[in-house]
Structure formats: structure tokens, C-alpha cells
Amino acid sequence: DQQVKQNSPSLSVQEGRISILNCDYTNSMFDYFLWYKKYPAEGPTFLISISSIKDKNEDGRFTVFLNKSAKHLSLHIVPSQPGDSAVYFCAARGGNEKLTFGTGTRLTIIP
Amino acid sequence: DAGVIQSPRHEVTEMGQEVTLRCKPISGHNSLFWYRQTMMRGLELLIYFNNNVPIDDSGMPEDRFSAKMPNASFSTLKIQPSEPRDSAVYFCASSSGTSGMHEQFFGPGTRLTVL
Numbered sequence: 227d228q229q230v231k232q233n234s235p236s237l238s239v240q241e242g243r244i245s246i247l248n249c250d251y252t253n254s255m256f257d258y259f260l261w262y263k264k265y266p267a268e269g270p271t272f273l274i275s276i277s278s279i280k281d282k283n284e285d286g287r288f289t290v291f292l293n294k295s296a297k298h299l300s301l302h303i304v305p306s307q308p309g310d311s312a313v314y315f316c317a318a319r320g321g322n323e324k325l326t327f328g329t330g331t332r333l334t335i336i337p
Numbered sequence: 008d009a010g011v012i013q014s015p016r017h018e019v020t021e022m023g024q025e026v027t028l029r030c031k032p033i034s035g036h037n038s039l040f041w042y043r044q045t046m047m048r049g050l051e052l053l054i055y056f057n058n059n060v061p062i063d064d065s066g067m068p069e070d071r072f073s074a075k076m077p078n079a080s081f082s083t084l085k086i087q088p089s090e091p092r093d094s095a096v097y098f099c100a101s102s103s104g105t106s107g108m109h110e111q112f113f114g115p116g117t118r119l120t121v122l
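So the protein lines, in turn, are chains A and B. Just so we're aligned: the first sequence equals residues 227 to 337 in our numbering. Just so we're aligned: the second sequence equals residues 8 to 122 in our numbering.
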């Protein structure tokens, strides 16, 4: 039972445009959401997070939006840069330290 | 800070052999996590420790898998006997567990191939 879903395995975006990565979840008890970025042969690195009491969090070019009623969150990257090409994982926390991850979306930025 | 350290980075073994993966968490972090990454299932949590005590091992696939954390600076994940379906990248992560800080820091991973 996949509680966190990233339905798009891959996404290609032109450099300079906006990249939008989506994530859906089923467990209403999740109280904190995170995005991780992963380059090949490296471990995932933390990118940005949002608490369930907020609907938006912004950090530079990265913004995460949370729609609790739809159980949906998205990561916006603008403008997209070639260095943003990576696999992005959505993760959710359910009251303890355990994180549940999605299967990831491979983002390719086209120069 | 050296970050989370994992060894070996790559392991190739034959079916039936014992495999031991090692992890050194970030100094001062009191929670440690073992994950497995596969194409089909993404990142799956296998087990996590808090203050060296296993808290949740519900993700451990079967009895062939075991994990220990004898002290705050070292953990092992053992597979005995190994099978080809265990081939994956295994990540170790640690966190400080500080209230409000939920970020986990990942090591570079161990790529395991079981022939």
C-alpha cells in the first residue's frame, strides 16, 4: 500500500521555465512533508519542507504547496536550471520520526 | 562534519553468502535509519533506531535481515543468507530528533549485487 505517490516517473522542462513536481498521499495523519533531491551515486539531500498547518513554504527558487483537502503537495522550481536535473522524492512524516517516501520523479532540465 | 559514512560503497556477492553493511551516523544525532532503494518501490524504510534502541523494524523484509546498533556511532545491517532479489542500494540516514527538526541526512549508499 503506497501511502505516498509520485505518479510521474519523469519530467522534462526547458531551462528557465517552471518545473512542477507533484505528490499525493493517502494518510491524513501525516503532519510534515519534505522534498529530497538525489543525484546519481549519491544519497538523497534535503531540499525543502512544509508543516501540515501551512499551505506554502518558499526558499529561493523552490516553493512547496500543500493542499490538505486534496491530500496533494507540489514542488515548484523557478527558474529551472541544468543543475536541477535529478530525482526528486516526496516524503511524509506521521507523528514519529518515520518518513514514508514516494517512488521519485526524474527531472531533466533541457538547456 | 564528514556526514553519514557508509561502507562498503559497492558489494558484489554470491547467493547464499552473508553480507554486512556498515554505517557511521553524524556525531550527535540520536536517530538512525536504514533504507532500501529499488526501481519498483522507491525508498523503503527497513528499520530505525533511537538512542541505539530499535523502534520500528516493520519494514525488515524477513528473518534473513537483521540490524544492530551497539553504540551511538555505529550500526550494521546484515543479510544472511543473501538472495538475488536483495540486490538494491541500501542507504543509512541519521537525524538529531530535535523537536521541529525532521530532516534526515543520508549517506552515499551501498550498492549491493547478489549473483
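Calculated from the structure, these hints are not laboratory results. Treat each hint with caution, since some may be false.
[Unchecked claim] Straight-line alpha carbon distances no greater than 25 Å define the calculated BS3-like cross-link-like pairs of lysine-lysine that follow:
#1 B/Lys31 to A/Lys263
#2 A/Lys324 to A/Lys294
#3 B/Lys85 to B/Lys31
#4 A/Lys324 to B/Lys75
#5 A/Lys282 to B/Lys75
#6 A/Lys263 to A/Lys231
#7 B/Lys31 to A/Lys282
#8 B/Lys85 to B/Lys75
#9 A/Lys280 to A/Lys324
#10 B/Lys75 to B/Lys31
#11 A/Lys280 to A/Lys297
#12 A/Lys263 to A/Lys282
Values in this document were obtained by computation on a predicted structure and should not be read as measured data.
Outcome of the hint check:
no.: 1; hint: B/Lys31 to A/Lys263; result: holds (22 Å)
no.: 2; hint: A/Lys324 to A/Lys294; result: holds (20 Å)
no.: 3; hint: B/Lys85 to B/Lys31; result: holds (15 Å)
no.: 4; hint: A/Lys324 to B/Lys75; result: holds (18 Å)
no.: 5; hint: A/Lys282 to B/Lys75; result: violated (39 Å)
no.: 6; hint: A/Lys263 to A/Lys231; result: holds (16 Å)
no.: 7; hint: B/Lys31 to A/Lys282; result: violated (35 Å)
no.: 8; hint: B/Lys85 to B/Lys75; result: holds (9 Å)
no.: 9; hint: A/Lys280 to A/Lys324; result: holds (20 Å)
no.: 10; hint: B/Lys75 to B/Lys31; result: holds (12 Å)
no.: 11; hint: A/Lys280 to A/Lys297; result: holds (13 Å)
no.: 12; hint: A/Lys263 to A/Lys282; result: holds (19 Å)
Consistency with the previously given hints fails for numbers 5, 7, ordered from lowest to highest.
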